[in-house]
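Chains A and B, in that order, are what the protein sequence lines are. Quick note: the first sequence uses the working numbering, first residue 1, plus one each step. Quick note: the second sequence uses the working numbering, first residue 1, plus one each step.
Just so you know, the hints here were simulated from the structure itself, not pulled from any lab data. Source: prediction; values computed, not measured. Note that beta-carbon positions come from the ideal geometry of N, C-alpha and C, so glycine has one too.
Far from chain B, by Cβ distances over 10 Å, these chain A residues were calculated:
#1 P59
#2 D217
#3 L267
Interface residues of chain B toward chain A, partial, derived using beta-carbon atoms under 8 Å:
#4 Q134
#5 R145
#6 V160
#7 T161
#8 S183
#9 T257
#10 T265
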Amino acid sequence: MNTDAPLTIRGIGAVSAAGWSAADLVAAVKTNRELPWIVSERSIGSRDWECRVRPVPAPPPEKHVKHPRLRRVSNVSRFAISAGLEALGNAKPESLGLIVCLMNGCVAFTNRFYNEVIDEPALASPILFPETVFNAPASHIAAYLGISGQVTTLIGEPNIVAEAMRMASDWMKSGLVEQCLVIAAEEADWLSTEAVGYYDKRLIVTEGAGALLLALDGDGPRIDQIAGPMAYHSNRERVTALAQLASATTQPEGAALIDSAVGLPRLDNAEREAWSWAGETISPHRVLGESMGCASALQLVLAAALASDDQRSSVVSMPGTNTAAYACVIQP
Amino acid sequence: MPSDSPQRLLITGVGIVTPLGFGWQENEASFAADRMVFRPVEMFDVSARIAKTASLIDLPTERLYRSLSARQEERVDRGSKMLLLALREALKQAKREDMRDVDAIVIGTSAGAMQLGERYCRNVRASTKRQPGQLTLVEHYQPHRQMTTITKELGWHGPVTLVSNACASGANAIGIAMEMIRSGRAKRVIAAGYDAVSELVFAGFDSLRALAPSGIPRPFDAARDGLALGEGAAAMVIEADGFTSNDAIAEASGYHTATDLHHLTQPDPEGKAAIRTMTEACRQAGVQPSEIDYINSHGTGTPFNDVAEGMAIRAWAGDATPGIAVSSTKSAMGHLLGGAGAVEAVICVMTLNGQWLPGSLNIRELDPVATFDVVRSFRHAKVKVALTNSFGFGGTNATVVMKQA
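In isolation and in its complexed conformation, chain A is listed as follows (with noise of 0.2 Å):
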């Protein structure tokens, strides 16, 4: 594959346990502050075992937005819309497009739809099934921002985001678009809550966005390199893949490290001892926690605030679980 062209970050929004701003994250993340956590209760029978939850608080009334679609809709889409509508701010490009990155969707409702479909098969909810399809958020942001273009949702691990930027950017090389938000989104169902657990039961699952207004040009951060993606098919091939990328990555002087380390060392030390960062290295995710399909848009909009804020550079490690790892080199 070629490699990538600069790309030029506009805006950054985010939506995290933090609070539903960029800022918010960034100065949770810079303080290192403890964020309150709650233990997750099924909604159907219980448990015996603790799950526990680093819920996205209340939104402040200036970012409630209202829309007909925006009536019945589940967090992940609310989640979405904001950070999305922070990184737009006041741009008006004449063409904007749209990807939506996700990885368990739009779990809430499916989980809900599910159980009805099992305790009362003729009576589910013809209104939850549609919000259980993956693209409906990208339906209901395209609807409130009037983008009848190009939009598209994609799947897949965090660092999926790294093919949607390299999307954006064939979009706006072939003049589809002249501007494109990239949104990854996750909400923390008990469900999905309860999943991750059996990956690790210290995990605390968390919920969010993070949002990237894309151009080719113009004032802002720029995306200098996309890294990857190292594919892998096990655990053994993922160190390797991991110590390939960092190879491949270039690492600026005086560039940060921002990897993607809950701080858990079974689950953190392949990504740390790929990269041997002898700089700055900042985990948000221990502060957040495990933020699931969100985790690298929020470390790339938190790459992007430093570069804007500090003028500082950094390289964000992406590196997947299953499929493939990406970094990504983001300049002030």
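Got chain A; can you put chain B on it based on the hints?
Then chain B, alone, in the frame of chain A:
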């Protein structure tokens, strides 16, 4: 405005797995016989559902994955197995079984490995305790994990992009592959789409009253009563002209996608987004509506969809409308959801090579909206340019135009 690239994109291999058959030959034979394949659903309980039939695939009983143990293969979902079979056929035809110089894979799916997710949920309901095997289901329920199993089987390490725009996913996968090559980012890309029938999706469409109570989909029939679900997969190897020494079997010449903002599940009655996708895809392909010999329509058989698509074809084609042959192969194999766009594009490739048209079956009285040439049964015809439409929940519309090589 989008820039038109003069670069030709060649299709050098296709694979197709549907309830009508495994591979090109079996599917072609089924179309030639005007065969349709709907039967009672027994995989899960449909006793409380309005619809009780679907179009299903009986997968081979022998092992499909050489790189997996029998136990590992049990973790592979049905849809991914269909996809693997379609990929193998496409790669064989393109003489790329070794995956040499393949730059990327783009896959469309709507439900992924939903059946494994359903099993996980039922296990959760059944116990308050942590259960062995749940981690495996959590992992393998995720479509990207299933794709890793496939890339391992193919012995390939490269980028896999999973696109999920409901029923347009398969067509979007083809379009994204085309965009990747046209942007210069890739030279050879495999595009595919797949989905398997699952309880959640079946119940979902049933709850929306979208499934035909009669069990028989009748696209473009005046008294059609809904769609029938099906399952399957298709794959396509697309290459930049000049990059391949293989014989091309068709040209992927035009693609466009647009978003219908009318409603989450219902199309704009006039099909405005569909008019845009057909117009722009044909512009990219350098053809006029009058040059389109065949449209494989989205044609689900639901009252809303067929009217919107029919209105769109008429508005887009204008005076050329009566001369354009149109059929919906969903009448024979059901709606393959995320697989539909890819399967129907491959059927277009088959029509370009075989010079025949598949029928739009089960029509009793034609809907007045259908003023085009509805192909009501298999027939031989001259086909130089074919077009396929895909529309999905969420408003994603996509059109792919293909030409004879």
